[in-house]
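**Q** Below, each chain spelled out in residue letters.
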Amino acid sequence: MIGALWNTLQTAPDQGGGDPLFVFGLNWGVVLIVAVKVLVAFGVLLVATALMIWFERKVISDMQSRVGPNRAGPWGLLQTLADGTKLIFKEDLLPDRADIFVFKLAPYLSVIPAVLIFAVVPVGGTITLGTHTFELQVSDPPMGILFVLAMSGIAVYGVMLAGWSSGSKYPLLGSVRASAQVISYEAALGMSVVTVVLVSRSLSTRAIVAAQSNGFWHWNLIRLGFFPFIFFMIAITAELTRPPFDLTEAEQELVGGFHTEYSSIRFGLFFLAEFMNTITMSAVVVTLFFGGPNGPIPHAIPGATIYMPIVYFILKTVAFCFIYVWFRAALPRLRYDQLMDLGWKRLIPLTLAWLLMVASVLTWRWWGLVMLPVVVVSAVLLFRANHLGSGRSEEDAIIPVVGRRVTGAPRLTPVDAPHGGDA
Amino acid sequence: MIASLLATPVNTGKLVVPHIRYLSILPPMIMIGGAVLLLALASLVSRPLRVRVGTWGTVLISGTALGISLWQWTDVGDHGAHTYVAHAVVMDGFSVLITMLISAAMLVTALVADGYLNREGVEGSEFYVLALVSASGAMLMGMANDLIIVFLGLEILSIALYVLTAYNHRRGASGEAALKYFLLGGFSSAIFVYGIALTYGATGSTNLTQIADFLAKNVLLTDGLLLAGVSLLLVGFGFKVAAVPFHMWTPDVYQGAPSPVTGFMAAVAKAGAFAALLRVLLSSFGVISSDWRPIIFGMAVLSLVLGSVLALRQRDVKRMLAYSSINHAGFILLGVESARASGVSASLYYLFAYTFMTIGSFAIVTVLGREGDGDHDLTRYRGLARRQPVLALAFAVLLLAQAGAPFTTGLWAKLQVVFAAISGGSVPLAVIAMVTAVIAGYFYLRVAVLMYAGGDDARADAPQPAGSPEPHAMISFASPEGAHANVTTINDELLMTGEAPAPFGEDLPSVLPVPALTGVAIGLCVGVTVVFGVWPSPLVDFAHQASLLFLG
Amino acid sequence: MLHTTLLLASTRPALPDILVFAASAAVILVGAVGVVTSRNPVHAALSLVMTLFGVAVLFIEQEADFLAAVQIIVYAGAIVVLFLFVIMFLGVDRSEDVEVEPLGGQRPLAYILLGITLAGILAMAATSHWVTGAHQVVGPIQGHITASSSSPSGEVAQLGKQLFTTYLFAFEATAALLVIAVVGAVVLARRPPVPQDSESERAEGKLSS
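Residue numbers (the numbering used here), protein chains in the order written: chain A, 58 to 480; chain B, 1457 to 2008; chain C, 90 to 298.
Here chain A stands alone, though its shape is the one from the complex (with noise of 0.2 Å):
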């Protein structure tokens, strides 16, 4: 079977090309390209979390005005490779009453969509060699984008077992409000992105990033007006719990959360795929919403255009990477019932709403403002039934409400009081 397949390797003539993967058959030039991009994007992505962690430090002690790690190289830069390496050689803690198969699984299922997620991130224009031009991006798949949603959607399944096979309660909780938090938000997370393929016309990360040229003016952020890169901003936020959603591992109610069983190089894991997350996530808003690696290119420098749409992408994705530290910093976590009132109460009615907006103003043009009166009144009637629900329950006790407020105490009640109980 495998000498089958050598020879194919062997025979099949070199019609150049590179990018789609394997369109025009295997050869020995597409196989070296395409292994030579995914060990660049690899090492690449590694390095950027290693410098993430380090910014993320910096600027945080910046903004809290503390100096932050200095220590180990110039302004502390080998600070997070010290860590590394400590965090190897520590001893790894198995619980006694984990589940040791899942407890072991779950660190790398954390990292892996993390890591794949940047595999359909455009990253530059295309490069020739020889008789082959590729893409500067491991893959182009037809389905792009919603591979970017798949892993998300996924990722969260790290968190989720860690959780449970800690066999302890606290981690516990952390996976009971990780898996509830990602379905909630994942809706929300969807219909931006939809909001975006509907402009684009096409599902291929490449295609949207094409979609968006011609000036920032065409960028989806100012074409979409501005609200689906919000929606969008949020929703990806809580599906990777990042803070101020972070409430799968809030240190002042569950001790670490998810990962408080974890040490040594799995603990490492989680937080190598948290990082790399952030770095990810920001490439693929500068994807969705701020054309890639698009960007005004001078053509009297030589080479510009392979080098200029890189450097593009990167401004863009570390602008991002200093906003997520910003959230970090000035938010405080939500609680509990404010994440699930986000979610389900505000968001998804509102990307709905802007979807149909969108879609209507697409189809029929100036004709489409007509969705807005339908809209309003929708909203309002919602609203209105939301107003009136959560006041029934309060009096009915109809629906359990997580987190509910007691009558005429201050809006302060135990977060997880609901799930203390039960799990």
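No lab work stands behind these hints: they were computed from the structure.
Treat the hints with care, as some may be off.
Footprint (simulated), chain C over chain A, 3 or more residues, beta carbon under 8 Å [stated by the list, open to error]:
{"no.": "1", "stretch": "194-201"}
{"no.": "2", "stretch": "210-219"}
{"no.": "3", "stretch": "234-240"}
Ideal placement from N, C-alpha and C gives every residue a C-beta, glycine not left out.
Following the hints, complete the assembly by docking chains B and C onto the known chain A.
**A** Using the frame of chain A, we list chains B and C on its own:
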């Protein structure tokens, strides 16, 4: 911003949306739309909606659907039967009649449920929403011309019914019944989908007309795939119509569900599922009828025999009616088995008669169930005629109609399916059916006699059956728990003569109030049953015409 | 028809296709067996995810990228996560004791039925003529090369077109199914009414307020 959005090129030219003739899908649209409106209303008024509002809303909605289906009838009469909306639905006499039947069933159920919901103090709006959407699912099954629509209808119907079964939180039995129904129903739906997939693999289409075309034009050398698909579809249908190898859920669910829901479920689920079964088998797989007729034959025999025999042993009226509904399913399968137009019209007529008989019966059971809806022991019916003569008479009429007594629709229904079976060449089936009709007649009559046998005060007047009661049985009745534990040991005669377990305690009123709307519903059901039983020709003609207009 | 049959006879799937199919089929089967045999619900759910991933790979192998992605997003990303949520939330994640059989003889009967069904399915698959699903023609992929141009990618566009033409009514009827599912879930999630005494208290509270 809008300007840049407007500048985006959009390609809308290529998609040609199929022409939609709204008349063909108006009844289910009205049911679903009405349900959504009711739901919106319930969530937008500051107080919980009163039950009466929901009742009248539902009556209005289903009445409108009924009116629209009459309009459809004249349209089909004028223009003939056609498929609409990209051949996904069909509007022919058959589908219109099913739609009418379901609208009528919904209307009557709403009237029955009003009294029940008020009595039990349960919130009503969601009940009606669920029932309306459920009915629309049954309508979809009746008009479906695509296996996918059949499946969607089946699911819409079923999911609402699962929830309706558990609607009354105060009844523990309801929750259990709903869980059983849900698990088994979900499993049968999965089998049904698998059947659709295999049929698609064998014929290349899910559209019933195209399947029929394919089978007419191609001879399958190896038809294992097709047969497997059809038999899996039959499993799914068999579950929904409660035919015997797939009937296990029926007694528990009928007993556990709130009584109005049981009536609704018995009528609407059966109507929808039989409609789809008839259409799928006759219009798509008519060519291979020699393959599926033996299966239907077997299902019919088992349903007829087991339904009637097991009903004999039941002490709980709802369980008894559940088994009797299995028996009825067997009768309707007679019409399916004949695989001819006369069979279709006979099955339709039977469904029509059955719907009113069963909803009426369960309406009376609802009333007699007292508050809590738990009082369904047969002994409670003793002497009902003394206390509430009108109610007893109505129940007796409905039971006799189910037994197939003359001057009721039940007789004509049974006669027609039997004649259809004979004309289809299945004489043994017809004979078995008639024998089980006699057995079934016995347990229907038993309840009727029990009601007229007199209460405590008039036990002497009770007609003594042959053979006097044995003393040890009297003892077993003295403790109700023991009696329940030994259901299988109970002797039928004892129910008429044995000591009732403290039938009328001090706290229970001996005369139960019949809510006005429930009374109207019972009156309607009895009226239809008797009027069309005495004067059968219009309804028989109607069903006959519907089967003539059957597109298949 | 004739055309397809000829292709069936003349083209054999390429080696990479066979390798991918074998690998994902193995994953699917192992996962499926794991779902049934796992004593622990969480392990069963994980095996289910494995099966779903295998199916997604098969979809990709069939060039149904969209279906593959949706399979992962909907099933692995939402439904199984919901399963796990319920399992963890209710604390039913202890291994079931399946040694006690409430009805004797079920297990051997199940094995016998399983054997018969399996044999039936295999026989059916081997002998039957499938109208759909003719093997793919070997050659460069059509349509995907232009994926990065502004035209919508072929598969999604086709699916959308089918949904809004042939299956328009089914698509719309699904709305009713979703509505009923939501209403049903809310109705079932309602707490059973509180006992009588506190209910009368509430009634008084309502009157006074």
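**Q** So, for every hint listed, does it hold in this structure?
**A** Tested hints:
1. Counting residues of the stretch 194-201 of chain A whose beta carbon lies closer than 8 Å to any beta carbon of chain C gives 4, which meets the minimum of three for the stated coverage.
2. Counting residues of the stretch 210-219 of chain A whose C-beta lies closer than 8 Å to any C-beta of chain C gives 6; at least three are required, and the coverage claim holds.
3. For the stretch 234-240 of chain A, the assignment as covered by chain C holds, since 4 residues bring a beta-carbon within under 8 Å of that chain's beta-carbons and 3 suffice.
The structure fails none of the hints (numbered hints given earlier).
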